[in-house]
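K.L.:
Starting from the structure of chain A, add chain B where the hints point.
Just so you know, the sequences run in chain order A and B. If you're matching positions, the first sequence starts at -10 in this note's numbering and goes up one per residue. If you're matching positions, the second sequence starts at -10 in this note's numbering and goes up one per residue.
Simulated from the structure, these hints should not be mistaken for lab results. It is possible that some hints are incorrect.
With a Cα cut of at most 30 Å, we get these calculated DSSO-like pairs of lysine-lysine [what the hints assert, rightly or not]:
{"hint": "1", "chain 1": "B", "residue 1": "Lys112", "chain 2": "A", "residue 2": "Lys112"}
{"hint": "2", "chain 1": "A", "residue 1": "Lys112", "chain 2": "B", "residue 2": "Lys119"}
{"hint": "3", "chain 1": "A", "residue 1": "Lys97", "chain 2": "B", "residue 2": "Lys112"}
{"hint": "4", "chain 1": "A", "residue 1": "Lys97", "chain 2": "B", "residue 2": "Lys97"}
{"hint": "5", "chain 1": "A", "residue 1": "Lys119", "chain 2": "B", "residue 2": "Lys97"}
Single-letter residue listing:
Number of protein chains: 2
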Amino acid sequence: MVDDQPFVIPTLHARDGDRILLHGSQASRMLRHLESGGAVCITVTLIDGLVLARSVFHHSVNYRSAAIYGRGEPIPASEQYAALEVFMERCLPGRWAEARLPNEVEMKQTTVVAVPIESASAKVRSGPPKDDAEDMAWPIWAGVLPLSLQPGAPIPDTQAIAGVELPDYLGRRG
Amino acid sequence: MVDDQPFVIPTLHARDGDRILLHGSQASRMLRHLESGGAVCITVTLIDGLVLARSVFHHSVNYRSAAIYGRGEPIPASEQYAALEVFMERCLPGRWAEARLPNEVEMKQTTVVAVPIESASAKVRSGPPKDDAEDMAWPIWAGVLPLSLQPGAPIPDTQAIAGVELPDYLGRRG
Chain A
-10 MVDDQPFVIP TLHARDGDRI LLHGSQASRM LRHLESGGAV CITVTLIDGL VLARSVFHHS
50 VNYRSAAIYG RGEPIPASEQ YAALEVFMER CLPGRWAEAR LPNEVEMKQT TVVAVPIESA
110 SAKVRSGPPK DDAEDMAWPI WAGVLPLSLQ PGAPIPDTQA IAGVELPDYL GRRG
Chain B
-10 MVDDQPFVIP TLHARDGDRI LLHGSQASRM LRHLESGGAV CITVTLIDGL VLARSVFHHS
50 VNYRSAAIYG RGEPIPASEQ YAALEVFMER CLPGRWAEAR LPNEVEMKQT TVVAVPIESA
110 SAKVRSGPPK DDAEDMAWPI WAGVLPLSLQ PGAPIPDTQA IAGVELPDYL GRRG
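Looking at chain A on its own, in the form it has when it is part of the complex:
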């Protein structure tokens, strides 16, 4: 929020107990806003399907959405490394144990901030369309077209090392 203009930034998040961790470049305006205690709404929405009713009015979307309200809180320098490990483990469990870990220069360029969850709301719609009784004989297809985020075939880096196999945790996702 700058003046009365709200800003939205797409970003990864990780839940850590009763707080949400956000991370990024040390230069990020969003992270500096949060480090100084700025207010924020963090929201995640999953689309589950399109709901086709007989009437235009009852068309809808199946989805699950959460919004969390709070204020940013800096994480002390001495806890940044551990916070980054928690962040990575939530996003891609198992990767931290194998990857080349952050060095001092990289840690200086990276910031993790916490947002303690002060309040939250969730919205969910699921199930079939709910048409009015008098529309049930309207002669068009009605129902749900399910939608979900699906993994495709993994694309190895062009400079992949021969013999290195796909990690189990990619198969375990979702």
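P.N.:
Just chain B now, kept in the frame of chain A:
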């Protein structure tokens, strides 16, 4: 935005030339904010994949994201019906021609507002991980796990009429 607390509402949108249409219940706090000229940021993000690098630092996400900044503008009552048709055609092309159209009571419960696009920004990441030269021999799998929103098998409403076929426009989506 209420006081200094920003609010995020998941919602459908439709582009109509140089403006974005949003719709919902006449009682929606978001729509009343916009009808009175309130500031808004409308954002859409598509996730394209997880980017696994050799180093923790270079892990990333492939995505396409747009954020539009503007202020709401009411749409006159005489133009609400046409705006709703545009909205529906953008979301589900072909459905308006077949579905039971909105009646007077439904139109009174529905509001469509416009947000002229004043400014916008887009962020995109695509392609493989970009590791540092000295990490290229690190012996773990590196590459991209593609992710995309995919349709599942359509679920006909339990009270579907026998012989009514799935509309072409469901197959044409995406």
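K.L.:
Of the hints given before, which are not true for this structure?
P.N.:
The structure conflicts with hints 2 and 4, although it agrees with all the remaining ones.
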